[in-house]
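Trainee: Use the sequences and the hints to build the structure in full.
These protein sequence lines map, in sequence, to chains Y and H.
Numbering-wise, numbering that gives the first Met the number 0 puts 6 at position 7 of the first sequence, and it's gapless, one number per residue.
Numbering-wise, numbering that gives the first Met the number 0 puts 177 at position 178 of the second sequence, and it's gapless, one number per residue.
What the hints contain is simulated information worked out from the structure, not anything from laboratory work.
Note that beta-carbon positions come from the ideal geometry of N, C-alpha and C, so glycine has one too.
A few of these clues could be false.
Some chain Y residues judged to face chain H by a derived CB distance under 10 Å, without partners named [what the hints assert, rightly or not]: (1) D9; (2) I12; (3) T14; (4) L15; (5) D37; (6) S53; (7) S81; (8) I84; (9) E85; (10) K88; (11) A97; (12) F98; (13) K101; (14) L105; (15) F108.
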Amino acid sequence: MKKILVVDDDIDILTLVKMTLTLNGFETETLSRWEGIDNSIEKFNPDLILLDVSLGGADGREICRRLKSQDDTRDIPVILFSANIEMEKSLENCNAQAFISKPYDLNYFLQTINSNIRTA
Amino acid sequence: MQVFTSVIVLAIFFMAYIFTDIRDYKERKVKSVTSLAHVIGINSVSTILFEDNEAAKDILAGLKNVAPEIVRADILDKHNNFFAGYLRPGAANPDTLLIKYLKEPVFKDTLLFVGDNIMNNDELIGRVSLVVELSELSALKKSKSEMAAILLIAALCISFLIALAVQPYISKRLLYLVNAIKRVGQTGNYDIPIIDNGKDEISVLVRTFNNLMKEVNESQQRKDEFIGIASHELKTPLTSIKGYLDLLNVMEDKEPNKQCVQKALESTHKLEKLIKDLLDVSKIQSGQLQLNISRFNMVELLDETIAAIQMVARTHSITREDDHEDQMISADKEKIEQVLINLLSNAVKYSAPESKVIVSSKNNGTELVIKIRDYGIGVPEDELNQIFGRFYRTKNSSVHISGLGLGLYICRDIILRHKGRIWAEKETKGSSFYFALPVGVYAEM
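Mentor: Structure representation (structure tokens):
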């Protein structure tokens, strides 16, 4: 079963995304505080990270950039997740694989996750 | 205007100057002639007492050499009868009655009539009357008027030259201000202060304008921040609502539950669109809406968009009626798609189910013109231009269609940013919406 780590400071969104992903056959771990991300990655070893951009007190793009610069986390695909559609422009800048805007279209959401999740 | 004012002021000034000058001249003349009359009176006392007309006449005749401007001189006795007289040779005889009953100096035409009593030991024994020709007065009037006229013309020329020299300086700054105001009006960018180093009223105006713009800019930023935060805050719960409805929609097969879920989903889409429009308008207002130009095939975009709209408007028949396969254009594909979605949704929204919507494109060498023809309720003639305004809703009260009236405003802004045109035309049934984008070299302008 593929594993997805979802990081978002909104509990409602976390609950929704967890339910959606679980129903679609993914093992999902959620995190509402960005500080625990390294710990979670180490323990959970996700095949994809769905990362909110505006986390309380931190910028998801910064976190993504850091993950992509570390050897042990570089290969984990990251999808940025935000209500601000302008964030799509900074994808390349922080080496994220894809962008999903809130509110999302369910088909597009699942499609984007399936096409980016780590396969090996 | 300034020149005109200065001319008026100068003319009044010169008139007052000429008037006082002439008055002074007259006063002086009255004084000198009165003293002359007085002298003649004293010299004539004995002639009156001895009733020696001849001697009196001699005295008066002497005036010919002393004061050649005297036209007529008379000595009257105490009964006001002519005692002796003198008339300058060749002169016309002045008004005798006036001489006889003269009480105080009188100016008549170019003549001055002056009289003086002849006294002997405080007893009135007669009167002297002199009539002087004021030949200098008209000459004086003429010369003063000429001088005033010359000075006036000179002043006029100088003030005109000064105005001519100063005007461009003032006009330039005012025009600069006007252009800046126009620019602000068009771009909505309030952040560029106008530089003016003068110390006059115009720089006060410029400073006031700058302050005003600063305040507008600040409130604009606060509003943008608010819309930014509000739309984010609105989108987060909407994400939950839509997400759960999507899940329900997948899980639920029973009617009418399924239908309920779908209706709720439709409303969610509408709400999503409204929030997006509000955000777009806020971006347009703050000048943040930027184009991401790429080269793409417009015909493909038309077909894709028609297919997408047809999916949600199943009863309408949306078709493309032209045989182009290739219409390459440089534009912001996403934004043009937004315009097409807006125009097509409107065409569907404002027409009855089962009616036709026809899309066509035409390249006239300078522009690619897209036409969207509907057979709906149409747009009243007087609203054709206004419908592209912000928050404009049709006055046609027989239709009530939800929305904020932002769609066409956003379309217009997007097309104008592409240096294109957008307009609507009334048809016998329904209406046609057009937008034109520059192609080829015209797109570079």
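Trainee: Next, verify each hint and record whether it holds.
Mentor: Going through the hints against the structure:
no.	hint	verdict
1	D9	holds (6 Å)
2	I12	holds (6 Å)
3	T14	holds (8 Å)
4	L15	holds (4 Å)
5	D37	violated (26 Å)
6	S53	holds (7 Å)
7	S81	holds (9 Å)
8	I84	holds (8 Å)
9	E85	holds (9 Å)
10	K88	holds (9 Å)
11	A97	violated (17 Å)
12	F98	violated (13 Å)
13	K101	holds (4 Å)
14	L105	holds (4 Å)
15	F108	holds (8 Å)
Of the numbered hints stated above, those contradicted by the structure are hints 5, 11 and 12, listed in ascending order.
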